[in-house]
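Peer 1: Make a model of the complete structure from these sequences and hints.
Below, each chain spelled out in residue letters.
Number of protein chains: 2
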Amino acid sequence: MQAELQDQLETVNSELVEMTRLVGSAMNRATQSLLDADLTMAESVIAADARIDTLASDIEERCFDLISDGQPTEADLRIIIGGLRIAASLERMGDLAEHVAKQARLRYPRLSIPQELRGTFAEMGGLAEAIVSKTGAVIETQDVSLTADIARHDEQVDRLHRELFTIVLSKSWTHGVEAAIDVTLLSRYYERYADHAVSVTRRVVNIVTGAPYVGVSL
Amino acid sequence: MQAELQDQLETVNSELVEMTRLVGSAMNRATQSLLDADLTMAESVIAADARIDTLASDIEERCFDLISDGQPTEADLRIIIGGLRIAASLERMGDLAEHVAKQARLRYPRLSIPQELRGTFAEMGGLAEAIVSKTGAVIETQDVSLTADIARHDEQVDRLHRELFTIVLSKSWTHGVEAAIDVTLLSRYYERYADHAVSVTRRVVNIVTGAPYVGVSL
Chain A
1 MQAELQDQLE
11 TVNSELVEMT
21 RLVGSAMNRA
31 TQSLLDADLT
41 MAESVIAADA
51 RIDTLASDIE
61 ERCFDLISDG
71 QPTEADLRII
81 IGGLRIAASL
91 ERMGDLAEHV
101 AKQARLRYPR
111 LSIPQELRGT
121 FAEMGGLAEA
131 IVSKTGAVIE
141 TQDVSLTADI
151 ARHDEQVDRL
161 HRELFTIVLS
171 KSWTHGVEAA
181 IDVTLLSRYY
191 ERYADHAVSV
201 TRRVVNIVTG
211 APYVGVSL
Chain B
1 MQAELQDQLE
11 TVNSELVEMT
21 RLVGSAMNRA
31 TQSLLDADLT
41 MAESVIAADA
51 RIDTLASDIE
61 ERCFDLISDG
71 QPTEADLRII
81 IGGLRIAASL
91 ERMGDLAEHV
101 AKQARLRYPR
111 LSIPQELRGT
121 FAEMGGLAEA
131 IVSKTGAVIE
141 TQDVSLTADI
151 ARHDEQVDRL
161 HRELFTIVLS
171 KSWTHGVEAA
181 IDVTLLSRYY
191 ERYADHAVSV
201 TRRVVNIVTG
211 APYVGVSL
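Chain order of the listed sequences is A and B.
Just so you know, the first sequence maps onto residues 1 to 218 in our numbering.
Just so you know, the second sequence maps onto residues 1 to 218 in our numbering.
Hints were generated in silico from the structure; no laboratory data involved.
Just so it is clear, the structure is predicted and the values come from calculations on it, not from any experiment.
Heads up, some of the hints might be wrong.
The list cannot tell twin chains apart, which means a pair is met if one copy fits it or any two copies do.
Result set (SDA-like, lysine to any residue): computed pairs, CA atoms no more than 25 Å apart in a straight line [to be verified]:
(1) 171 <-> 108
(2) 171 <-> 105
(3) 171 <-> 109
(4) 102 <-> 151
(5) 102 <-> 191
(6) 102 <-> 160
(7) 102 <-> 46
(8) 134 <-> 160
(9) 134 <-> 165
(10) 134 <-> 107
(11) 134 <-> 146
(12) 134 <-> 208
(13) 102 <-> 37
(14) 102 <-> 35
(15) 102 <-> 148
(16) 171 <-> 115
Peer 2: Structure below.
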């Protein structure tokens, strides 16, 4: 019974890692659709979100069954409940990638963002990619030393988020209100995506070390 | 043992109802601070969020103990896991109320929103109040017939959210980019607050009826 439970826990862990891959790929492709006004790419991100949602439901159901049938120890239980929380955060990260893709689709065939901000959004996309890859590694390896890296990337995303506010509010902004709102919302999607990843890594730290979970204000 | 568990489940339920009161009061006062540029009120909302966070942690811990010590049945387990999810959603609703209050504080002593939109935000605040009160009632009474009302209010919030977009993007908008962004973000906070409440009521439906939980895209 206990060996079976451990197998199941490993399956949950693999599925969570798979989710980080899917939401990472979704955000990468969403960023590309945004930078290139690529409608096909945007549509593919929007269509793929259902798979992420399904995987999250599957994990939820598996965790539920493990608790009710598996006679988990307290340590197992910490992993299972943590897994439920992590799946929920990853599912929301998928939604945020979908929001970016929908924004790209909304303005197609125009770009959603002014040419001179493409570099900043490319940078945000790159940071999102780094964050989610390392989050996947933290889940897979339980090596929490990577969390410092992730926190640093998250600070960079926050800095870019603040910079974008300054830019759209400056006197030299010539793109009007609609573009300012698009940039602000898009920037917020990346910022929240990164926050959720930080929240996931804190859940893993909580599982691995038993240290209390410290929430992220999302 | 089973009687003890039922007592504890009732305690969790009361605490969740208490959370709806706290996050309802937080959003009410946040709205008032926004409409009146009332710094003291805004500060009180921001200071009170810690209590909401603590209550959420307490519930989480209690649920964890119940699973590990209480030998819950599958039906109990559904309630406990649902309770964990509900607490997380309510905690985020508290954060969103805090975001509104912080926005009011940021522009103090000016109003964050143009005079002519105060009515719309007052309406959003009223809908948020109705939604969260009814959400509290659904948790307390398990009477899921109120969910139709809540869904209707949520649609009204969505409609106001779309209207505000139209207004800030119209040619007659004279308040500039900063005010447009403030209005957009504020409107999004109310819209997400309402979405989280809908998500909570769907969790209750899932607990009460056993019908599958249908996610809300947040």
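Peer 1: Now tell me, hint by hint, if it's right for this structure.
Peer 2: Against the structure, the hints:
no. : hint        : result
1   : 171 <-> 108 : between (27 Å within a copy, 22 Å between copies)
2   : 171 <-> 105 : between (29 Å within a copy, 23 Å between copies)
3   : 171 <-> 109 : between (27 Å within a copy, 22 Å between copies)
4   : 102 <-> 151 : between (28 Å within a copy, 24 Å between copies)
5   : 102 <-> 191 : both (17 Å within a copy, 18 Å between copies)
6   : 102 <-> 160 : both (21 Å within a copy, 20 Å between copies)
7   : 102 <-> 46  : within (7 Å within a copy, 33 Å between copies)
8   : 134 <-> 160 : within (20 Å within a copy, 39 Å between copies)
9   : 134 <-> 165 : neither (27 Å within a copy, 36 Å between copies)
10  : 134 <-> 107 : neither (32 Å within a copy, 38 Å between copies)
11  : 134 <-> 146 : within (7 Å within a copy, 43 Å between copies)
12  : 134 <-> 208 : within (16 Å within a copy, 39 Å between copies)
13  : 102 <-> 37  : within (11 Å within a copy, 34 Å between copies)
14  : 102 <-> 35  : within (13 Å within a copy, 32 Å between copies)
15  : 102 <-> 148 : neither (32 Å within a copy, 28 Å between copies)
16  : 171 <-> 115 : both (18 Å within a copy, 24 Å between copies)
Checked against the numbered hints listed earlier, the structure breaks hints 9, 10 and 15; every other hint is satisfied.
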